[in-house]
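Residue numbers (my numbering), protein chains in the order written: chain G, 1 to 323; chain E, 1 to 347.
Be careful, since some hints might not be right.
Claimed, not checked - Label pairs and their in silico Cβ distance ranges: (1) Leu5(G) to Lys46(E): 30 to 38 Å; (2) Ile148(E) to Gly229(G): 54 to 62 Å; (3) Val6(G) to Thr246(E): 42 to 50 Å; (4) Ile55(E) to Trp66(G): 34 to 42 Å; (5) Arg74(E) to Asp215(G): 54 to 62 Å; (6) Leu325(E) to Gly229(G): 48 to 56 Å; (7) Pro260(E) to Asp317(G): 36 to 44 Å; (8) Thr44(G) to Val140(E): 44 to 52 Å; (9) Lys228(G) to Thr246(E): 53 to 61 Å; (10) Arg47(E) to Lys228(G): 41 to 49 Å; (11) Leu123(G) to Ile55(E): 27 to 35 Å; (12) Lys46(E) to Phe305(G): 40 to 48 Å.
I should point out that these hints are in silico values taken from the structure, not numbers from a laboratory. The C-beta atom is built at its ideal place from N, Cα and C for all residues, glycine as well.
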Amino acid sequence: MVQYLVRRLLWAVVLFLAVTIVTYVIFFLVPANPARLAAGQAATPERVALVEERLGLNDPIYEQYWGFLKRLVFDGSLGESFVDRSSVNDEIFRAAPITASLVFGAMILVLVISVPIGILSALRPRSVLDRVAMTYVLLGISLPSFWVALVLSYIFGFKLGWTPIAGYCEVVSVPQAANCGGFGDWAYHMVLPWLALAIVQAGIYVRFVRAEVMDTMTQDYVRTARAKGAPERKVMKDHILRNALLPVITILGMDIGLLLGGAIFIETVFGLNGLGGTAIRSIGQFDLPVLQGVVIFGAVAIILFTLIVDLVYAWVDPRIRLT
Amino acid sequence: MSTTAREDEVLGATTGLGSDVVLEPVSDEVGVRARGYWEQVWRRFKRDRVAIGSIFFLVFVVLVCYPGAWLAERQIGHSPSDPFTDGIDDGLIPVGPWSKVYNPFTDEDQILVLGASDTLGRDEFLRLLYGGRVSLQVAVLATIGVMIIGTILGAVAGYYRGWIDTIISRLTEITMAFPALLFVIALASTVGSRLNDVTFGGVLAPGVVTLVLVFWAFGWFYPARIIRAKVLSLREKEFVEAALMTGASDWRIIRSHLLPHLAAPIIVYSTLVVAGYVLAEAALSFLGVGIPLPTPSWGNLLSSAPEFYTSQPWLMLWPGVAVVLTTLAFNLLGDGLRDAFDPRSRL
Chain G
1 MVQYLVRRLL WAVVLFLAVT IVTYVIFFLV PANPARLAAG QAATPERVAL
51 VEERLGLNDP IYEQYWGFLK RLVFDGSLGE SFVDRSSVND EIFRAAPITA
101 SLVFGAMILV LVISVPIGIL SALRPRSVLD RVAMTYVLLG ISLPSFWVAL
151 VLSYIFGFKL GWTPIAGYCE VVSVPQAANC GGFGDWAYHM VLPWLALAIV
201 QAGIYVRFVR AEVMDTMTQD YVRTARAKGA PERKVMKDHI LRNALLPVIT
251 ILGMDIGLLL GGAIFIETVF GLNGLGGTAI RSIGQFDLPV LQGVVIFGAV
301 AIILFTLIVD LVYAWVDPRI RLT
Chain E
1 MSTTAREDEV LGATTGLGSD VVLEPVSDEV GVRARGYWEQ VWRRFKRDRV
51 AIGSIFFLVF VVLVCYPGAW LAERQIGHSP SDPFTDGIDD GLIPVGPWSK
101 VYNPFTDEDQ ILVLGASDTL GRDEFLRLLY GGRVSLQVAV LATIGVMIIG
151 TILGAVAGYY RGWIDTIISR LTEITMAFPA LLFVIALAST VGSRLNDVTF
201 GGVLAPGVVT LVLVFWAFGW FYPARIIRAK VLSLREKEFV EAALMTGASD
251 WRIIRSHLLP HLAAPIIVYS TLVVAGYVLA EAALSFLGVG IPLPTPSWGN
301 LLSSAPEFYT SQPWLMLWPG VAVVLTTLAF NLLGDGLRDA FDPRSRL
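So here's chain G without its partners, still in its complex pose (with noise of 0.2 Å):
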């Protein structure tokens, strides 16, 4: 198990490095001059000198990066804002927990979603309600989630109005000019968010869900439970579910990427000002302090998520270490 500890960490620092550099050198490739875009529009010549001089532009990419690296791995600094020299952790900071709510709720809506409708189309092939969980996985993998977003937004939020079409509530630590707050609030106003985004992923998931069940259906252990004459629930709960969640519930860790990014155009069109908002907004003004922050910060969510889901998998299935 320490062997693997150790693989699994080391290999997460190799990620880590590895999706630093590629962020850096694809802001190396941006057209504009960065230090014009952080002097402002109206700088003299000499001020954009002075800035690429301060920002250390002149020196080698390298020696920049190293730079880059050292404050962000030894101060946790992200930089500043290009445009009102704001902290980038700030802006994170607040971004985050909005972006983190939307993947985690739409998770669980997944599980609930795909879980039982792939163990009941498991169950029984070719009937009707495999047939239409068939035809939903067809249409999780061809329906934009965003246009699902749109449409689904358009008829219970607008014409329906039955929940919100736009913005996010606090739960703790409200402001005091926010106009709602509160658990209540930030559910009300994350269903739709979170039923965008679940719907189409949970496609995928009943056909995994579905095909890990017939999987372990078929197992040797399976039939000498049946044998020995444990009762059906039992078999069923015990040597089929356990077995074929478990793997369901790690592919569910490794899309968290696949969410998140999801989460970009969810928070587009509900108007979240989550982290695809900060990154989309950073974008349209050049901001790449921002633009660069959000996408290393999301990395390094990832990496860590995946490592979490990785180590714990190890640790509840003895045959992942020893591979």
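Please arrange chain E on chain G, whose structure you already have, making use of the hints.
Chain E only, in chain G's frame:
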């Protein structure tokens, strides 16, 4: 049986997963002919009405977008970029389907079949047709590139194994661990403005090259993994050993002995990947980092739709339905092809 038929048969049996093809000792009296691999695939595929329907639909989409858009433009008399002042009403809202507008250039009243698409009052119908071209260009080019890179890397990694496999596999894992969408957005928005003007003399729409390159960069690893796994198992087969014994070169083995076996997964997977890229183009253009205006694409038609969310919801519908039907058709076709290539895969 003639010799050519016999040759076809042998060819059919060797090019593919022809394990179930029985080659009977051919006595001239017996008129039974074993069916070749591709023939069997085609027989199974023919029976799949959904898949055949999807093919017809996709051909229809291509016809509508390529000659269709051009014909419609000639017929209607204005281009997809022509603004109409009549195309927006007093509240700056695009007019709805089947509205009459005055065209000052031809001095005639013209009909906007699906209404106007934006505050400039441009023709939604024509933009939808021309947008389809752009969306299909992106999806098809992205798929071709991704499959070529993925197949080469996957085949090389699976065949040679060793250090080259380690490098390619690690590279795959790193790419997979990236929050791809964030990087795609970052790349498209930074590199994009430099590449958007590359159109290869007007063959491609502006912005297509950027999207295609970005998709190549982050899309190759998926096919690479599939091909690698397939090659790893194929190279242990006896026919590879036999080929090695006869002194065939590595390149010859990969090309003549492995590649035919990879045709099925490549074809099936490509169809599914195209569907994914139609969605991806729509998604990125929706965020404003894909195809730049004024070039229409299904994605950027959708991105201007939320602006008229309450007043002109039709604008959400047309490009949305176009995207959904196209991806659905590609996915159904992919499923049909998979069943045809490997009947056991059907559950």
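Each hint, compared with the structure:
no.	hint	in the structure
1	Leu5(G) to Lys46(E): 30 to 38 Å	violated, 54 Å
2	Ile148(E) to Gly229(G): 54 to 62 Å	holds, 56 Å
3	Val6(G) to Thr246(E): 42 to 50 Å	holds, 47 Å
4	Ile55(E) to Trp66(G): 34 to 42 Å	violated, 55 Å
5	Arg74(E) to Asp215(G): 54 to 62 Å	holds, 56 Å
6	Leu325(E) to Gly229(G): 48 to 56 Å	holds, 52 Å
7	Pro260(E) to Asp317(G): 36 to 44 Å	holds, 38 Å
8	Thr44(G) to Val140(E): 44 to 52 Å	holds, 49 Å
9	Lys228(G) to Thr246(E): 53 to 61 Å	holds, 54 Å
10	Arg47(E) to Lys228(G): 41 to 49 Å	holds, 44 Å
11	Leu123(G) to Ile55(E): 27 to 35 Å	holds, 34 Å
12	Lys46(E) to Phe305(G): 40 to 48 Å	holds, 46 Å
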